[in-house]
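There are 2 protein chains.
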Amino acid sequence: MRIGIFGYGNLGRGVESALLQNPDMELKAVFTRRNPESVKILTDGVPVLSVEQAEGMKDEIDVMILCGGSATDLPEQTPALAKLFHVVDSFDTHAKIPEHFAAVDASAKAGGKVGIISVGWDPGMFSLNRMYGGAILPEGKDYTFWGKGVSQGHSDAIRRIDGVVDARQYTIPVEDALNAVRSGENPELSTRQKHTRECFVVAEEGADLGRIEQEIKTMPNYFADYDTTVHFITMEEMRQNHSSLPHGGVVIRSGKTGFQKENTNIIEYKLTLDSNPEFTASVIVAYARAAYRMGQEGQSGCKTVLDVAPAYLSPLSGEELRKSLL
Amino acid sequence: MRIGIFGYGNLGRGVESALLQNPDMELKAVFTRRNPESVKILTDGVPVLSVEQAEGMKDEIDVMILCGGSATDLPEQTPALAKLFHVVDSFDTHAKIPEHFAAVDASAKAGGKVGIISVGWDPGMFSLNRMYGGAILPEGKDYTFWGKGVSQGHSDAIRRIDGVVDARQYTIPVEDALNAVRSGENPELSTRQKHTRECFVVAEEGADLGRIEQEIKTMPNYFADYDTTVHFITMEEMRQNHSSLPHGGVVIRSGKTGFQKENTNIIEYKLTLDSNPEFTASVIVAYARAAYRMGQEGQSGCKTVLDVAPAYLSPLSGEELRKSLL
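In order, the protein sequence lines correspond to chains A and B. First residue of the first sequence? That's 3 in our numbering, and the numbers climb one at a time after it. First residue of the second sequence? That's 3 in our numbering, and the numbers climb one at a time after it.
Some hints here could point you the wrong way.
Any copy, or any two copies together, can satisfy a pair, since identical chains are not distinguished.
[Claimed, not checked] Below, computed lysine-lysine pairings styled on PhoX-like, alpha-carbon distance capped at 20 Å:
(1) Lys-143 to Lys-42
(2) Lys-325 to Lys-143
(3) Lys-150 to Lys-272
(4) Lys-98 to Lys-325
(5) Lys-219 to Lys-150
(6) Lys-143 to Lys-272
Hints in this document: simulated from the structure, not taken from any laboratory. Note that the structure is predicted; figures quoted are calculated from it, not measured.
Just chain A, with the same shape it has in the complex:
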């Protein structure tokens, strides 16, 4: 399989490194909106091209992996490229997934290609586990907890506050809430009861720390509904202790079985990730294999992780999988 990477930030680099672990795939080119000569990648002998050159690579690349952002990049790029290549993206604006699906579906069908959207862990593996859990235990309840991990959206929101030089925000699940769910109690949990938010902030010299803390804690949507703690630290501490991007979380389905619903059964899917972008990239690369194979079978149109039979993700054959994994 010949792979292209479209967009070269944290996620693009994660895809590049994931490809090294998958010998049935070959990176053919990285596409960037920056000046290609200014972009150094880590794989020898692979060209960096400008995004305008993608169309010309139509016959050299089987699957294009889109590594741009969901706000403005992917809504344009995924449908455009799905006419030319099988595509995989990690579109994660939950409310706009139906719209994005329709756009990619039309393009991919027109081009005879397969597009798999919203791949990663949430949306992605977490969606998959919510679906399996709900189908297996219809009389039950879903819970999703995120963290402990860095939320880039929340970190960015803090950085926009006047007087803030840098910021890192950790989302932390509340242990008591998690334990209540694991015990099968099926509690009703408010936003505040499920997660706390911890912020590490580097402020400008002389900035009013009290005002910054207040602005963070009262910020609507991002922080106002949570118990939030704010720590002011130095730039050096930020670099030393907060430069990685760990994340993770848990999806729990708690459901009853039996004629009297007398038995409780708990399904828990938990991710503990040192690197959020590298794990997301690893999921995407497995689905690139699926897109290619479904395309080889003559399928086309838009899919999500819910539509892809698991075996398509694995380099092993059906016989090998049945022998070794069942």
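Given chain A, work out where chain B should sit, using these hints.
Here is chain B on its own, set in the frame of chain A:
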């Protein structure tokens, strides 16, 4: 969907109760090898028929759910019935799955039906998670722990010892081993390091308890490779404290990402089940929906959980799933 249950033990009853939670399915008949008049089921108005009457119900039943044992029942029954109905079974003799797959595949193709075999949690949901984990994190290691839960095979093995009236064996994962895996250490673990076995035994009056304990602890394949503890209890204690069939376990994929494999990522899938047979039945019923739908699309032949796109399991439409779960 019109469903038949073939075999009415713990699993058959579990399927019967799971069907009550799935309003798109209707139980049409239960088939038994016993005298049908001696079998009382819990759903009103549904006939109990003899297994010989199954063929005559060919046009009244869409999916036959097989609830017999893997040793002798399913190797015969699943291929035979796959000519007449879509079928789902929970065949779990790991080494014989390829052979069983081939037999069911031939029959199901001849009959134009879909057969899904080895459905449940192991094989089943655990297989699925081993596969997803391996495809996403190729540079990693798989771990499966079972328990705490009742192993019926091990309980039966104890019951065959001279002087034993009844027995219940719990398989228990070793917490230290689990924690070592969760920490990302990728340890090599021996059989003894992963699980312990705890046995509760009711002995005949006057039986030689020392001899029974010795026979259990040295039994090859079942106990000799484990640290085993044996408790002798009364029949009343057995009834009071050990009459349910809890089980569960964990599948963990621990894998490295990054150019220098510098980041550890852990995927954990954990089941905590009050009722092993009811949960297994709940998984089977979801796959019965998939078998029916794949059949409606004109597919035929044998499948496993690895071949079934997740969305087939859910009663919700693709649009509904994308809107609510992604």
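So, going through the hints one by one against the coordinates:
Neither within a single protomer nor between protomers do Lys-143 and Lys-42 lie at most 20 Å apart by alpha-carbon distance, with minima of 47 Å and 32 Å respectively. Taking CA atoms no more than 20 Å apart as the test, Lys-325 paired with Lys-143 passes between copies only; the shortest distance there is 17 Å, against 34 Å inside one copy. Both within a single protomer and between protomers do Lys-150 and Lys-272 lie at most 20 Å apart by alpha-carbon distance, with minima of 11 Å and 19 Å respectively. Taking CA atoms no more than 20 Å apart as the test, Lys-98 paired with Lys-325 passes between copies only; the shortest distance there is 9 Å, against 41 Å inside one copy.
For a Cα distance limit of 20 Å, the shortest separation of Lys-219 from Lys-150 inside one copy, 19 Å, qualifies, whereas the shortest one across copies, 43 Å, does not. In the homo-oligomer, the alpha carbons of Lys-143 and Lys-272 lie at most 20 Å apart both inside one protomer (17 Å) and across protomers (16 Å), since each shortest distance falls under that limit.
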